[in-house]
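Colleague: Since the structure of chain A is already known, use the hints to place chains D and E on it.
Chains as they are written, first to last, in the working numbering: chain A, 2 to 129; chain D, 247 to 400; chain E, 82 to 414.
Do not rely on the hints blindly, as some may be mistaken.
[As the list claims (entries may be wrong)] With the C-beta cut set under 7 Å, the calculated list includes, among others, these residues of chain E facing chain A:
id	residue
1	Leu231
2	Glu232
3	Asn235
[Unchecked claim] Derived DSSO-like pairs (lysine-lysine); straight-line CA-CA distance at most 27 Å:
id	chain 1	residue 1	chain 2	residue 2
4	A	Lys15	D	Lys262
5	E	Lys210	E	Lys276
6	A	Lys125	E	Lys348
7	D	Lys330	D	Lys262
8	D	Lys263	E	Lys335
9	E	Lys255	E	Lys84
10	D	Lys271	A	Lys33
11	D	Lys263	E	Lys150
12	E	Lys150	E	Lys373
These are calculated hints, taken from the structure and not from any lab test.
Quick reminder that beta carbons are idealized off the backbone N, C-alpha and C, glycines included.
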Amino acid sequence: MDWLQNFDWLQLLKCFVTGGLICVIGQILIDKTKLTPARILVVFVTTGAILGGLGIYQYLVDFAGAGATVPLTGFGYNLAKGAIKGVKEFGLIGAFTGGVTSAAGGIAAAVFFGYIASLISKPKMKKE
Amino acid sequence: MKPLDSKKDYQNYVEKKSPNSPILKNCFNAFWVGGLICSIGQIILFICKNRGISQDISGTVVSIILIGISAFLTGLNIFNKIGKFAGAGSLIPITGFANSIVSPSMEYKSEGYVMGVGGKMFTVAGPVLVFGISTSIIVGIIYLIFNTQSITLV
Amino acid sequence: MEKLGKQTIKFNTPPVIISTASIVGPKESNGPLSQYFDQCLEDEFWGEKTWEKSESKIIKETVLMCISKSGIPSSDIDYCFAGDLLNQCISSSFGLRELNIPFLGIFGACSTFVEGLSLGAIIVEACAKHALCAASSHFCSAEKQFRFPLELGNQRPPTSQWTVTGAGSAILSKTGEGPFITHITSGKIVDMGIKDANNMGAAMAPAALDTLICHFNDTGRSPNYYDAIITGDLGYIGKEILIELAEDKGFNIKANYNDCGVMIFDKEKQDTHSGGSGCGCCATVFSGYFFKQFKERKIKRLLLIATGALMNSTSSQQGESIPGIAHAISIEI
Numbered sequence: 002m003d004w005l006q007n008f009d010w011l012q013l014l015k016c017f018v019t020g021g022l023i024c025v026i027g028q029i030l031i032d033k034t035k036l037t038p039a040r041i042l043v044v045f046v047t048t049g050a051i052l053g054g055l056g057i058y059q060y061l062v063d064f065a066g067a068g069a070t071v072p073l074t075g076f077g078y079n080l081a082k083g084a085i086k087g088v089k090e091f092g093l094i095g096a097f098t099g100g101v102t103s104a105a106g107g108i109a110a111a112v113f114f115g116y117i118a119s120l121i122s123k124p125k126m127k128k129e
Numbered sequence: 247m248k249p250l251d252s253k254k255d256y257q258n259y260v261e262k263k264s265p266n267s268p269i270l271k272n273c274f275n276a277f278w279v280g281g282l283i284c285s286i287g288q289i290i291l292f293i294c295k296n297r298g299i300s301q302d303i304s305g306t307v308v309s310i311i312l313i314g315i316s317a318f319l320t321g322l323n324i325f326n327k328i329g330k331f332a333g334a335g336s337l338i339p340i341t342g343f344a345n346s347i348v349s350p351s352m353e354y355k356s357e358g359y360v361m362g363v364g365g366k367m368f369t370v371a372g373p374v375l376v377f378g379i380s381t382s383i384i385v386g387i388i389y390l391i392f393n394t395q396s397i398t399l400v
Numbered sequence: 082m083e084k085l086g087k088q089t090i091k092f093n094t095p096p097v098i099i100s101t102a103s104i105v106g107p108k109e110s111n112g113p114l115s116q117y118f119d120q121c122l123e124d125e126f127w128g129e130k131t132w133e134k135s136e137s138k139i140i141k142e143t144v145l146m147c148i149s150k151s152g153i154p155s156s157d158i159d160y161c162f163a164g165d166l167l168n169q170c171i172s173s174s175f176g177l178r179e180l181n182i183p184f185l186g187i188f189g190a191c192s193t194f195v196e197g198l199s200l201g202a203i204i205v206e207a208c209a210k211h212a213l214c215a216a217s218s219h220f221c222s223a224e225k226q227f228r229f230p231l232e233l234g235n236q237r238p239p240t241s242q243w244t245v246t247g248a249g250s251a252i253l254s255k256t257g258e259g260p261f262i263t264h265i266t267s268g269k270i271v272d273m274g275i276k277d278a279n280n281m282g283a284a285m286a287p288a289a290l291d292t293l294i295c296h297f298n299d300t301g302r303s304p305n306y307y308d309a310i311i312t313g314d315l316g317y318i319g320k321e322i323l324i325e326l327a328e329d330k331g332f333n334i335k336a337n338y339n340d341c342g343v344m345i346f347d348k349e350k351q352d353t354h355s356g357g358s359g360c361g362c363c364a365t366v367f368s369g370y371f372f373k374q375f376k377e378r379k380i381k382r383l384l385l386i387a388t389g390a391l392m393n394s395t396s397s398q399q400g401e402s403i404p405g406i407a408h409a410i411s412i413e414i
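Okay, chain A solo, but in the shape it has when bound (with noise of 0.2 Å):
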């Protein structure tokens, strides 16, 4: 638990703030407009690999850390980081390679619990 000493406290702050404001953009979209689950997780990622595309989302994620990269717009930035990453190492063939491969163990972490999920666990009805 020596990590617990020098927590940075701030930091911590700076994150809670600016992953809280992000999902009240979301919160907005969903109460404002009539956009349903599968387009506002697009919208985000879109706008997350934009704005990381052109090095603006990398100041909000010096700034706010998980803040930034947990939201789905932190995916988009991510996949666009990591295309960017495979051009430079690899040229034209690191743009495709580039971005899945940044973000496989999110994607693949999320098809391999879906599927044991889907093994031991069964809907139930929302009881309220």
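Modeller: Then chains D and E, alone, in the frame of chain A:
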């Protein structure tokens, strides 16, 4: 104005009649739940940093842990209650992405493991991957074009 | 039978509703009308593996219960009209495949039950001795088909309605002590351009209004002729819209009007937003609540207007508006 005079009039009339979502309450809940989920991610980052794990790997570790928690809560039939309360607060973080993959897999289990679970797994999250990956490839190609003329975008 | 006005049929020897039955799911069992239903389920699966199987079982058991309550051997029932919300009406055709009664599957979205009663009444007056009508819906199977997976953590907008889990069934006969189906008014398709699949009440209200006015014009009756005017599943928003629209057209229905979707759930306690919907909504509330009110003579004249939204998930994804339909029957004793 009589509401049934034209379709347009009726739509305006219905718009006025329909209650709006309690947006302030929803935004408040989305704010603190979303912030909390991100903070859990940040704490995991701190632990990783302390153990000397590289930044890239730490990010993946955060994703996998949050996706795991989300999948677990979905499987326990709890995530939809959190989602109902928090709205975008649990949808926008990576937890919502995981939930949108796990929930159809559970739902379509009754159609079998191959075409049900396997086939329907991406009914909600598929578009996220399609648009996310396509955008990243375009970003990569644009970067390549500009970079050869030594103009960097980053 | 004879035709009155544009859309109404008047029966000269009105067919009799001799028995009804209703089975509802767990959420409806906690609602304000629970004591009127014949059977309340504790589990939405009812021991089956899938929701579709469970819905089939619900409609099957409801029909069997209705037949046994009527005391008529099932071989004496000449026709069966049934429908539901699932693609190609599989709940009713799968549920009733062992019934051995000539089967006419019908689809009128949530208006199916009254559509069935209308057709049943016509065939009983024309030639049949007995006809059976049934309709069902299931919250989980409907959500799966029309909306999102159950475990998806999304928020339901305040205009959305809750599909009723349950089935209702009725047997019509040439003779009996009542209540009688005296008139039917079949509705036209009305589309006022509402596209929001989360606001069905608003999409169906103009159709209900059209049928309501047509019924009064054709029969020469006025709203206060009836003890109760009941719509199928307009919900809170649709109910309010219908009252205002009707007033606008010179019919004051405020005093004796209600909606099955409003009656079946407790909006505050059960968090059902705009109220109940689905084929099962009108079917269970009529078979459970109103039929018993007739039998106890607490109500003598009822105008039942079941409303339906004639859309599917493909049409709403393609941005089409939602056409509404409403069928009315006048039941008297």
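Colleague: All the hints need checking, so say for each whether the structure fits it.
Modeller: Status of the hints after comparison with the structure:
1. A least Cβ separation of about 4 Å between Leu231 of chain E and chain A falls short of the 7 Å threshold, and the interface hint therefore holds.
2. With its C-beta approaching chain A no nearer than about 5 Å, Glu232 of chain E sits inside the 7 Å limit, and its interface hint holds.
3. Residue-level restraint check for Asn235 of chain E holds (minimum Cβ-Cβ distance to chain A is 5 Å; threshold 7 Å).
4. Distance restraint check for Lys15 of chain A and Lys262 of chain D: the Cα-Cα separation of roughly 39 Å exceeds the 27 Å cut-off, and the hinted pair is therefore not satisfied.
5. With a C-alpha separation of about 43 Å, the suggested pair Lys210 of chain E and Lys276 of chain E falls outside the 27 Å cut-off, and the hint is violated.
6. The hinted pair formed by Lys125 of chain A and Lys348 of chain E meets the criterion: a straight-line CA distance of about 21 Å does not exceed 27 Å.
7. Distance restraint check for Lys330 of chain D and Lys262 of chain D: the Cα-Cα separation of roughly 25 Å lies within the 27 Å cut-off, and the hinted pair is therefore satisfied.
8. Distance hint between Lys263 of chain D and Lys335 of chain E is fulfilled; the C-alpha atoms sit about 17 Å from each other, no more than 27 Å.
9. Between the alpha carbons of Lys255 of chain E and Lys84 of chain E the distance comes to roughly 19 Å, so the proposed pair stays at or under 27 Å and holds.
10. For the hint linking Lys271 of chain D to Lys33 of chain A, the alpha-carbon distance of about 14 Å falls within 27 Å, and the restraint holds.
11. A hinted pair counts as satisfied when its Cα atoms are at most 27 Å apart, and Lys263 of chain D with Lys150 of chain E does not qualify at roughly 43 Å.
12. Proposed proximity of Lys150 of chain E and Lys373 of chain E is supported: the alpha carbons are some 13 Å apart, at most 27 Å.
Violation of the numbered hints given earlier is confined to hints 4, 5 and 11; the remaining hints are satisfied by the structure.
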